[in-house]
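Line by line, the protein sequences give chains A and B. The opening position of the first sequence corresponds to residue 1 in my numbering, with each subsequent residue numbered one higher. The opening position of the second sequence corresponds to residue 1 in my numbering, with each subsequent residue numbered one higher.
It should be emphasised that the hints constitute simulated quantities derived from the structure, not laboratory data. Treat the hints with care, as some may be off.
[Unchecked claim] Sample of chain A residues facing chain B (criterion: CB under 10 Å; computed from the structure):
#  : residue
1  : Trp86
2  : Trp115
3  : Leu119
4  : Met152
5  : Thr158
6  : Phe160
7  : Ala194
8  : Ile220
9  : Trp247
10 : Val275
11 : Phe282
12 : Thr326
13 : Gly327
14 : Phe329
15 : Leu338
16 : Tyr346
[Stated by the list, open to error] Cβ-Cβ distance ranges computed for the label pairs, FRET-style:
#  : chain 1 : residue 1 : chain 2 : residue 2 : range
17 : A       : Arg345    : B       : Asp296    : 28 to 38 Å
18 : B       : Thr59     : A       : Ser241    : 57 to 67 Å
19 : A       : Leu350    : B       : Pro117    : 18 to 28 Å
20 : A       : Arg4      : B       : Pro304    : 30 to 40 Å
[Claimed, not checked] Covered stretches of chain A (in silico footprint by chain B; criterion: 3 or more residues with CB under 8 Å from a CB of chain B, positions within the stretch not fixed):
#  : segment
21 : 24 to 31
22 : 296 to 310
For every residue, glycine included, the Cβ atom is placed at its ideal position computed from N, Cα and C.
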Amino acid sequence: MLPRIERRRELDHRMFYLSPVLAVALTIVTGFLLFLAMGYDPLQGVFHFFVSPLLSGYGLAELGLKAGPLILIGVGLALGFRANVWNIGAEGQLTMGAVAGGGIALALWGVDGFWVLPLMCLAGILGGMAYAAIPAFLKARFDVNEILTSLMLTYVATLFLSMLVYGPWRDPMGFNFPQSRMFTESAILPVVLAGTRLHLGVIVALLVAVTGWVLMTRTIIGFQIRVVGQAPAAAAFAGFSRTRMIWLTLMTSGGLAGLAGLFEVAGPIGQLIPVITPGYGFTAIIVAFLGRLNPLGIIPAGLIMALSYIGGENAQVEVGTPQAMTGVFQGMLLFFLLASDFLVRYRIRLQAPGTPAAARAEAPAE
Amino acid sequence: MSSEFAFVLTLVTVISAATPLLLAALGELVTERSGVLNLGVEGMMLAGAVSGFAVTVSTGSVALGVLAAALAGMLMAFVFGVLTLSLMANQVATGLALTIFGIGLSSLIGAGFVGIPVTPLPKLHIPVISSLPVVGPLLFSHDALIYLSIALTVGVAWFLKRTRWGMVLRAVGESDESAHSIGYNVIAVRYLAVVFGGFASGLAGAFLSLSYTPMWIEHMTAGRGWIALALVVFSSWRPLRLLFGAYLFGGVTILQLYAQGAGIGVPAQIMSMLPYVATIIVLTVIAAGPWRARLDAPACLGKPFRPAT
């Protein structure tokens with residue numbers, strides 16, 4: 001029996017949704033083997049990485065806290081990826097959103113008012129959008145590759161934030177630590193679950209995901225995004241503007257990343273510091289793919305990737321595994337997902353040698 | 001005499017800063033000429049950097065270290081090849097996965113090697129010639145990887161332009177269907193090109209951790225893999241122009257280091273932005289300028305190919 005690979009006549013929809021499940025399962029199995037090879041108790045390792053964070057209320061609240069920014073950014077990126085616009089600089093847009101919104105918080109330091117927080121959110125969104133406008137303009141006007149420009153700008157944004165907190169925005173009473181003043185109360189997001197750090201941002205993230213789903217599936221704009229990505233020639237024929245799609249998707253993903261950045265500094269952090277994200281902007285790329293570029297699918301995908309952060313910390317404390325396990329698991333998961341997706345488009349058949357005629361008869365006409 | 005000496009010394013550091021860019025970009029150039037876009041350069045470089053460092057520290061042999069780095073890069077590239085060439089995965093997504101995985105894996109392996117000193121790659125010393133003024137330090141006092149990077153550039157230029165297999169590689173990148181129909185194995189050629197890309201990126205990583213800054217630092221490539229990708233566009237997929245581009249960027253890197261050292265009143269962070277901003281400017285000039293260099297991109301770049309059965 002020789003395995004034979006055939007292209008499916010049409011995409012296997014069941015496999016399309018099973019593929020992420022398969023990828024997660026393969027990641028856990030490989031994780032087990034990896035823990036074993038590194039000399040840790042593999043059962044303990046897998047338990048503390050993937051299971052025990054889910055067993056406490058605190059763990060679940062932290063899960064929501066970390067899933068929030070991943071979902072927000074992931075929804076924006078998914079819109080772009082659908083239209084073949086590859087914004088991989090969300091990390092930089094997140095940083096600039098935090099700088100813009102955090103700048104408002106520092107400017108209004110000590111000012112009391114219900115309007116402070118909404119103003120900060122607006123600034124966060126605009127900051128992220130303005131930063132995403134650079135690759136959008138260069139792509140739309142000169143056809144410069146947005147992958148490279150958005151990524152280069154991430155390094156620039158990190159340096160910019162560092163310059164501010166080491167320089168003009170440094171807390172005068174902060175013993176020379178590179179950090180801004182702590183934001184005052186009116187500039188801090190309200191906690192939605194007493195006793196935890198879970199703040200309003202997670203609810204916004206869920207609303208954004210639902211809105212994104214409605215946009216993609218129920219509006220003409222969503223239809224245009226999908227056509228531009230899947231069949232550029234047809235889109236051009238139908239008069240859908242590619243330039244408009246570039247601007248639309250980069251502004252959306254930039255604005256959402258900026259909001260996510262503002263939520264980080266106005267939420268769990270409460271001030272500006274040189275490093276405000278453990279790579280949410282990059283992890284959200286995996287979230288987008290794991291969620292099948294579907295805004296609703298991005299909710300569970302965001303929770304799973306949030307688990308990789310919390311599980312990594314938890315396993316570090318409980319089993320002593322290195323912190324870098326999180327990154328390894330995240331990369332592995334995306335590899336397995338991309339590999340599993342092969343089964344969406346192709347099928348593997350076992351076939352007795354010497355009966356090629358039967359197989360040929362079944363082969364799809366291409 | 002002393003200013004002349006300082007000038008030569010500056011040029012030597014420029015060569016040093018340019019070499020990892022040149023090696024990584026050269027590998028990617030060959031990969032892209034075969035029609036495959038591998039965005040995982042950063043990840044492959046990191047795999048090379050950490051493997052080279054770890055093996056050198058563990059065995060005491062820097063030669064084994066360089067070998068390990070090359071193998072690590074090739075292994076990473078092979079994984080990319082399996083996913084994109086055999087399993088038809090999206091090349092952009094797989095390249096990003098390779099980078100994310102490379103960053104994670106390298107910090108996992110490197111965790112035990114932070115802050116450990118290593119004997120750097122030895123400078124080749126040729127009696128008499130290396131002691132010549134100006135020419136000696138400028139041309140005859142580098143380590144083996146620097147000479148290798150230049151030899152490899154010339155070799156790749158010759159291979160692509162003058163050899164039969166170089167022509168096959170270009171044919172596969174320009175028109176996979178035609179290359180397939182006249183009997184060439186498109187997938188096999190692309191595998192070889194992708195693995196060569198990993199080999200060169202691995203060496204670039206080894207140069208970083210064993211020569212440029214002989215130590216292991218987490219994510220020590222700091223975006224060089226992405227700058228290398230931009231350099232390939234800058235060179236319009238030509239090896240000798242790539243050499244020029246890499247040395248230009250080496251110059252920018254050193255310029256900002258000197259400016260920081262001179263303390264010209266600009267925050268250090270602004271100076272550190274320079275290589276990244278320069279990359280964006282160069283990409284824009286290339287795309288907008290009268291040369292229309294991007295039209296030289298291999299016609300099948302990034303497109304999947306599966307032979308009809």
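Verification of the supplied hints:
no.: 1; hint: Trp86; in the structure: holds, 6 Å
no.: 2; hint: Trp115; in the structure: violated, 32 Å
no.: 3; hint: Leu119; in the structure: violated, 27 Å
no.: 4; hint: Met152; in the structure: holds, 4 Å
no.: 5; hint: Thr158; in the structure: holds, 9 Å
no.: 6; hint: Phe160; in the structure: holds, 7 Å
no.: 7; hint: Ala194; in the structure: violated, 35 Å
no.: 8; hint: Ile220; in the structure: violated, 26 Å
no.: 9; hint: Trp247; in the structure: violated, 17 Å
no.: 10; hint: Val275; in the structure: violated, 12 Å
no.: 11; hint: Phe282; in the structure: holds, 6 Å
no.: 12; hint: Thr326; in the structure: holds, 7 Å
no.: 13; hint: Gly327; in the structure: holds, 2 Å
no.: 14; hint: Phe329; in the structure: holds, 8 Å
no.: 15; hint: Leu338; in the structure: holds, 4 Å
no.: 16; hint: Tyr346; in the structure: holds, 7 Å
no.: 17; hint: Arg345(A) x Asp296(B): 28 to 38 Å; in the structure: holds, 31 Å
no.: 18; hint: Thr59(B) x Ser241(A): 57 to 67 Å; in the structure: holds, 59 Å
no.: 19; hint: Leu350(A) x Pro117(B): 18 to 28 Å; in the structure: violated, 56 Å
no.: 20; hint: Arg4(A) x Pro304(B): 30 to 40 Å; in the structure: violated, 20 Å
no.: 21; hint: 24 to 31; in the structure: violated (count 0)
no.: 22; hint: 296 to 310; in the structure: violated (count 0)
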